[in-house]
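So the sequence lines, in the order shown, correspond to chains G and E.
The opening residue of the first sequence carries number 1 in the working numbering; numbering runs sequentially from there.
The opening residue of the second sequence carries number 112 in the working numbering; numbering runs sequentially from there.
If you're looking for bench data, these hints aren't it; they were derived computationally from the structure.
One or more of the hints may lead you astray.
What the hints assert, rightly or not - Here are the computed lysine-lysine pairs in the DSBU-like style, where the Cα-Cα straight-line distance is at most 30 Å:
1) K152(E) with K179(E)
2) K148(E) with K178(E)
3) K80(G) with K212(E)
4) K212(E) with K152(E)
5) K179(E) with K151(E)
6) K151(E) with K79(G)
7) K151(E) with K80(G)
8) K80(G) with K217(E)
9) K79(G) with K148(E)
10) K168(E) with K114(E)
11) K114(E) with K217(E)
12) K217(E) with K168(E)
13) K152(E) with K217(E)
14) K217(E) with K167(E)
15) K148(E) with K114(E)
16) K79(G) with K212(E)
17) K167(E) with K80(G)
18) K168(E) with K179(E)
19) K152(E) with K114(E)
One letter stands for each residue in the lines below.
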Amino acid sequence: SQTIHQWPATLVQPVGSPLSLECTVEGTSNPNLYWYRQAAGRGLQLLFYSVGIGQISSEVPQNLSASRPQDRQFILSSKKLLLSDSGFYLCAWSDPYSPLHFGNGTRLTVT
Amino acid sequence: EDKVVQSPLSLVVHEGDTVTLNCSYEVTNFRSLLWYKQEKKAPTFLFMLTSSGIEKKSGRLSSILDKKELFSILNITATQTGDSAIYLCALTRNSGGSNYKLTFGKGTLLTVNP
Numbered sequence: 001s002q003t004i005h006q007w008p009a010t011l012v013q014p015v016g017s018p019l020s021l022e023c024t025v026e027g028t029s030n031p032n033l034y035w036y037r038q039a040a041g042r043g044l045q046l047l048f049y050s051v052g053i054g055q056i057s058s059e060v061p062q063n064l065s066a067s068r069p070q071d072r073q074f075i076l077s078s079k080k081l082l083l084s085d086s087g088f089y090l091c092a093w094s095d096p097y098s099p100l101h102f103g104n105g106t107r108l109t110v111t
Numbered sequence: 112e113d114k115v116v117q118s119p120l121s122l123v124v125h126e127g128d129t130v131t132l133n134c135s136y137e138v139t140n141f142r143s144l145l146w147y148k149q150e151k152k153a154p155t156f157l158f159m160l161t162s163s164g165i166e167k168k169s170g171r172l173s174s175i176l177d178k179k180e181l182f183s184i185l186n187i188t189a190t191q192t193g194d195s196a197i198y199l200c201a202l203t204r205n206s207g208g209s210n211y212k213l214t215f216g217k218g219t220l221l222t223v224n225p
């Protein structure tokens with residue numbers, strides 16, 4: 001069966017520091033991968049999605065970037081964090097046979 | 112732009128009550144509507160609806176879609192404290208391929224008191 005791993009679970013970073021969040025999927029090949037952010041208002045906002053290695057689509061302009069160096073690995077990065085980057089970040093995957101399945105999320109606090 | 116509106120935004124009930132959560136939407140080229148339950152961390156998948164009028168059921172939860180009036184409801188009967196969660200409604204559109212980009216509503220926060 002498929003599993004998705006996301007880490008770290010929580011992170012506190014100062015403004016201006018870099019960020020790297022990692023997500024890996026097991027048990028499936030060539031999944032679609034997604035990064036969502038959930039802010040205090042509770043809606044989930046799609047940040048990036050990827051349909052294959054090296055293919056990244058950005059949904060909203062922001063201070064973040066994403067990369068997919070391997071088929072089942074998705075990384076969310078920033079060179080310099082802003083206070084507004086605080087939030088709950090969720091990685092997710094899908095394939096032609098299933099809707100989105102989410103990782104457990106990373107709660108990021110930028111201080 | 113795709114739009115998903117959930118109501119109410121929050122709801123407090125007592126164990127044993129029945130609740131109905133609402134989700135209305137606007138989308139070009141609708142593909143599916145999904146419901147998720149989010150407790151502390153990852154949203155977990157509940158239902159995917161693609162056709163009008165066909166009820167999906169899982170235990171005490173059920174959901175139905177009305178593609179003419181552009182809404183869906185999620186019913187929970189005989190609520191339990193374990194049903195306390197945020198319930199998220201999301202939709203996908205036909206954009207070619209198997210891409211499941213979801214547009215989410217803000218969610219309904221359900222609190223079930225003993």
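* **Unmet hints by their number, sorted upward, for this structure** => 1, 5, 9, 17
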